[in-house]
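Go ahead and model the full structure; you've got the sequences and the hints to work with.
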Amino acid sequence: MSEILEYKCPCCGGAIEFNSVVQKMKCPYCDSEFEMDSLKAYDDVLKKESEVEDSAEWDLSNKDAFSEDENINTYVCKSCGGELITESTIVATNCPYCDNPIVLAQRVAGDLKPDYVIPFKLTKEDAKKALREHLKGKHLLPKVFKDENHIDEIKSLYVPFWLFDADVKANARYKASRVRTWSTGDYRYTETTYYSLLREGEMGFERIPVDGSEKMPDDIMESIEPYNFSEAVDFQTAYLAGYLANRYDVSVEDSILRANSRMKNSSEEKLRETTMGYTTVTAERNSIQLSNQNSKYALYPVWILNTTYQGKKYVFAMNGQTGKFVGDLPLDKGAYWRWLIGLFAGLGVVAVGLAKLLAVLF
Amino acid sequence: MKTKLLSLVLCFFALFSFACVGSAENESNIDRINDQMGVLTEIEETVLAELLEESYQKYDMQVMLITTKSTSYSIYSEDSAFAAAKSQAELFYMNTNGLSSNQNGVVLVYYEFKGYRGLYIAPFGELSDIYTESKTDSVLDDIEDYFKRGSTEPYKGFEKFIFSNEKVWEKRDTPSPLTIVIALGIAMVIAFIIVSSMKAKLKTVKSQPYANEYLKNDSFKLVNSRDIFLYRSITRVKINRNNGSGGSRSSGGSRGGGGRSL
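Protein chains in written order, with this note's numbering: chain A, 1 to 362; chain B, 1001 to 1262.
Treat the hints with care, since some could be wrong.
Pair by pair, the computed Cβ-Cβ distance ranges are [said to hold, decoys possible]: (1) A:L361 x B:N1102: 14 to 22 angstroms; (2) B:K1058 x A:V179: 55 to 63 angstroms; (3) B:K1216 x A:S88: 35 to 43 angstroms; (4) B:K1058 x A:V360: 13 to 21 angstroms; (5) B:N1102 x A:T282: 56 to 64 angstroms; (6) A:V252 x B:L1222: 28 to 36 angstroms; (7) A:E284 x B:D1218: 24 to 32 angstroms; (8) B:Q1036 x A:T181: 53 to 61 angstroms; (9) A:G277 x B:K1171: 52 to 60 angstroms; (10) A:E214 x B:I1234: 34 to 42 angstroms.
None of these hints come from the bench; they were simulated from the model.
Since the model is a prediction, treat every value here as computed from it, not as a measurement.
From the three backbone atoms N, C-alpha and C, an ideal C-beta is built for every residue, glycine too.
Shown next as structure tokens:
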């Protein structure tokens, strides 16, 4: 059984959504602004009302059509009555008919309820500006890729993340060498001394994020780190209004491996920093023991744009809080060779000229 | 009084003129051809002497030609023949003609010592740096055919040498082909580095293998640290000290140049 939350403006009844500029819920029709706390009670009322209505409707209308596919669900928009079909991971979206922001509250309830959310701080205009900046100055980028028409398709999305805390006890063993040279008489001597270095240390990690969505490429989500967690707030569904949002479909158990790997690498690097005064240091073995492990579930803001060029998919992502923008760009091979040959020709003339000048001077 | 003063001035000018003439005569007294083997006719010698004088006037460098069969050196190999030819060139250039080894010039020696026939080029002054191994080989390539056994045109060989030497002098400021290849190679490497950095700017997606930013402040504590000595190894290498026995850095005399047996 699912439910839809549609936030209505108490003043004019229009659909309100979270505004990243003022960091409040704002009605685009009457410009009224509402604090998050003041809407919390309203949020509870909406939930109670929708429970009563939805239970009767969903039971009768959807049972036969979608019993075969658990990943697809149908909802009816309260504003226009339009039917929308969503995947089970969608938590917030817009009605495709009237663009009304919709939050699917049951998908963020109980065990699925996020602990935290970092609200959007940057707007669509900021994202578009960042994308234009990202494409600027790239001489090897195909010109057709900079087509402005596509830029409007950039969309805001709350991405689910698992946040891991742990205290780490790390052990590492290194092989190190120290080299000394000196000359006596007709001989040059080289002395190499070998050591085994043992290091043991303790450290704590907090809120290591691991992308909980299978659809979102992990390397892109890691590229737009870090997020400033001090701006995270306790989750409220109102923050999702007006934005797309997914719930997790990668379990916390499956995400632990990635967090462990990052902690292990960082702890080894921290221990290596304590091996000073050697010519070479090579890690032979390292291990970590975790304690006080803890995991939380959060939604982080991302501006995202998918595009296809010459049959290959390109994804651009911007951290919706800090503005960090990433995305691999295609290479214009023609431009590559033109630049290489042109630079070689120019530098070659300069180099030969310099060689002639040196021949004259010396 | 005035007459005496005038006489003194005239005497001074006369002495100065004699000195100039004297030095000119000294210069023109330089013997640039020493044909001990008698391979050149009188006319050929005269023509060559004129060419050598022209070369001197044009480039201010002394070019000399020697043909010789006799030497006080003991000849038992090609290298000893080269050494003997070089010695003859130095004696002729510095002792016979009173020139300094720093004065620009070059001597071509056509020798025949106890079965060892060959040519040797002994440069002096700036030509010592110009006559590298490759340049020497190039000039010898130009002229050696005229001196090979059975050839009756050593005159043409000497003439060719005079012109080849002038070309070497004129092109002295031109970088060698190897220098140009190296310059182009460096240009290619720099161009490649620049374009590679432009290409690298297209890639901004990178996984984060570390979690350093999520390390709790001041939480790191080194609990245990031990450095255990394992073993030591000592190697030694003899230092190669170059005594300059090749003769290329010897003071005085000819350096650079080289010879070829025929």
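To see whether the hints hold, each was checked on the structure:
no., hint, verdict
1, A:L361 x B:N1102: 14 to 22 angstroms, "20 angstroms, holds"
2, B:K1058 x A:V179: 55 to 63 angstroms, "60 angstroms, holds"
3, B:K1216 x A:S88: 35 to 43 angstroms, "36 angstroms, holds"
4, B:K1058 x A:V360: 13 to 21 angstroms, "20 angstroms, holds"
5, B:N1102 x A:T282: 56 to 64 angstroms, "58 angstroms, holds"
6, A:V252 x B:L1222: 28 to 36 angstroms, "31 angstroms, holds"
7, A:E284 x B:D1218: 24 to 32 angstroms, "29 angstroms, holds"
8, B:Q1036 x A:T181: 53 to 61 angstroms, "57 angstroms, holds"
9, A:G277 x B:K1171: 52 to 60 angstroms, "56 angstroms, holds"
10, A:E214 x B:I1234: 34 to 42 angstroms, "58 angstroms, violated"
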